[in-house]
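**Q** Residue strings, one per chain:
Number of protein chains: 2
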Amino acid sequence: MRPRFHVPGVNPATERVEMPEDEAEHLVRVLRLGVGDEVDVFDGRGGLWRAEIVQVGKKSAAVRPIEELEPAPELEVRLNLVIGVLKGDKIDGVVRDAVMLGVSSIQPVITERSETSRAAMARSNRLARWQRIAVSSAKQCHRAVVPPIHAVAPLDWYWSEKHDAARVMCVEPSAALGDVVAVQRIRKAPATDLIIGPEGGWAVSEVAAAHDSGAILMSLGGRTLRADAVPMVAMTALLTMWGELK
Amino acid sequence: MRPRFHVPGVNPATERVEMPEDEAEHLVRVLRLGVGDEVDVFDGRGGLWRAEIVQVGKKSAAVRPIEELEPAPELEVRLNLVIGVLKGDKIDGVVRDAVMLGVSSIQPVITERSETSRAAMARSNRLARWQRIAVSSAKQCHRAVVPPIHAVAPLDWYWSEKHDAARVMCVEPSAALGDVVAVQRIRKAPATDLIIGPEGGWAVSEVAAAHDSGAILMSLGGRTLRADAVPMVAMTALLTMWGELK
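Going down the list, the protein sequences come from chains A and B. Convert by adding 10 to the 1-based position in the first sequence; the result is the number in our numbering. Convert by adding 10 to the 1-based position in the second sequence; the result is the number in our numbering.
For the record, the hints were derived by calculation from the structure and aren't laboratory data. Please note that a few of the clues may not be correct.
A pair counts as met if it fits within one copy or between any two copies, since identical chains are not told apart.
[As the list claims (entries may be wrong)] Taking lysine to any residue pairs in the SDA-like style, the calculated list, with each CA pair at most 25 Å apart, reads:
#  : residue 1 : residue 2
1  : 198       : 60
2  : 256       : 182
3  : 256       : 224
4  : 97        : 229
5  : 69        : 163
6  : 97        : 11
7  : 149       : 183
8  : 256       : 167
9  : 198       : 251
10 : 198       : 46
11 : 100       : 167
With these hints in hand, go ahead and build the complete structure from the sequences.
**A** Shown next, in the form of structure tokens:
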């Protein structure tokens, strides 16, 4: 299998496209490829090409697309993850797994019980890190799409945004304010936002706001799941019911 | 919530039971509990009690069961994981997640493409490590059952064993020897062995042996999943279809 590189600007009309520096370094220094070798390049938006290396430097490389390839199939629906920021670096694994399962976008949110702040997130440059993880997971899982990861925002802002996606919030079975439904009852919609809280769960006011905004409250049952495992379990359960794991 | 300890010998008929040394150390040195404090103790086989500490030493403690408690519900069916040993310490996360999801037992196996040997596993004392992870995950997820983790065995041995569980082997869609079915078509049985391979997948002869032994070949679809994520995705998909996530 040819090694695969993320080259956002790649375009079948161009004869030559520069690779991003980190991808070029990997190509030159780790894989030790050179002019004439063939690689796969993907633009992160669904395009995938077989390409030939036409130039290499110490930290640079350029390729020429040769042939457009059929990328791995994406989900039939759009599934966006809205995730309460977790402790430490636990979002790293969530990003990696969600990209593997086919997520369309990730919106990290600060909730009442998030044990961090937007300022702390910005200082530690988390967003850039998550974006790198998304690229790396897309590569590993052969997705030609790198889902956008948005900057951390307050949950309140999210509710106030216009949206056309169905909203499904994961809650504890005991969190009942209105109906809580099992995953088997969530309909497949063209676009769904799956909203998952941090370790401490949701404040009552947050569940109320979700309910008021028309979100469906979904329970994954009585088992106790680790907060960092809930996104993968919830996504897998929905994708299974929707016939997307086939 | 009372802190929770794994005390294999606990028994409502006894007035006093010694805690295992590592659990006692945690109680004494980390949580700094003392005589008269209340804790929850579980025997790892489904029994859960409220108990009172009746003695503490430097690395010892004894408790007296006071009241039997209702443990978290177990799965309605038995789901056993037969897992090809993965590279490095990747089985650690598989054990942790499978115990969280309610697995009944775990049988690690050496397959043709496992990049390790039983001897290497024994030298590094992996089994004891996995058993500790199982206890810790059961605690974290409030299971009163600690599923047994068996010693690493060759896959050939597994096929030759008598069994009453349905056998379901996860395969690539392309691995077709006989029918490969989607997860939606796997029936809920009283007991199922879910058989998952290592990073390199199955050798053709292994899929043939599975087929000959009556195993159902199941595919999770065309997406590329990391080997260490397949057990959680496959278990979640089956449990969703079987109505166990409710």
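**Q** Name the hints, by number, that the structure is in violation of.
**A** 1, 5, 8, 10
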